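The numbering used here numbers the first residue of the sequence shown as 4 and each following residue consecutively.
None of these hints come from the bench; they were simulated from the model. There may be inaccurate statements among the hints.
Claimed, not checked - Label pairs and their computed distance ranges (CB to CB):
| id | residue 1 | residue 2 | range |
| --- | --- | --- | --- |
| 1 | Ala-52 | Ala-110 | 31 to 39 angstroms |
| 2 | Gly-97 | Asp-51 | 16 to 24 angstroms |
| 3 | Thr-99 | Tyr-47 | 32 to 40 angstroms |
| 4 | Val-35 | His-83 | 38 to 46 angstroms |
| 5 | Arg-44 | Glu-66 | 17 to 25 angstroms |
| 6 | Asp-45 | Gln-105 | 20 to 28 angstroms |
| 7 | Gly-70 | Ala-114 | 18 to 26 angstroms |
| 8 | Thr-109 | Arg-44 | 16 to 24 angstroms |
| 9 | Thr-50 | Asn-80 | 14 to 22 angstroms |
Predicted, not measured: the structure shown is a model, and the values here were computed from it. Every residue gets a Cβ at the ideal spot worked out from N, C-alpha and C, and that includes glycine.
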Amino acid sequence: MEKVGLHQGREVFAGAGRTVTLACSPLGAIDVAAGDGRRNRDRYYDTDAIRRGRARALRVFAEHLAGHPLEGGDPRNAEHLHCDVIDQWSNAPGRTAAEAAQALRTAADPAEPIF
């Protein structure tokens, strides 16, 4: 994110090359870290593991931003809640790529790797 910039807004690009040259959002960075969005059709991927890791990363980051646990009930509702919290934070006027990258680093716990 520090190298490519912060993308603000709900419309996130997709497709080849997005992880290399285009600005990204914290949600996009989490997707890439989880293994989503950089798949190769010639390889097998454990999509269940990718989804579990992504969901956990979204929860950890959203709760870090909120400063408290977030309850969403149904896992699909929880994921939407976590994404909404992250989107609202990252789309705040004046938010910088450096702030977003630092927040991701701060939320990460090296003692409990997600991926």
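How the hints compare with the structure:
no. : hint                                 : verdict
1   : Ala-52 - Ala-110: 31 to 39 angstroms : violated, 20 angstroms
2   : Gly-97 - Asp-51: 16 to 24 angstroms  : violated, 38 angstroms
3   : Thr-99 - Tyr-47: 32 to 40 angstroms  : holds, 38 angstroms
4   : Val-35 - His-83: 38 to 46 angstroms  : violated, 20 angstroms
5   : Arg-44 - Glu-66: 17 to 25 angstroms  : violated, 35 angstroms
6   : Asp-45 - Gln-105: 20 to 28 angstroms : violated, 36 angstroms
7   : Gly-70 - Ala-114: 18 to 26 angstroms : holds, 20 angstroms
8   : Thr-109 - Arg-44: 16 to 24 angstroms : violated, 36 angstroms
9   : Thr-50 - Asn-80: 14 to 22 angstroms  : holds, 21 angstroms
In this structure, the hints that do not hold are numbers 1, 2, 4, 5, 6, 8, in rising order.
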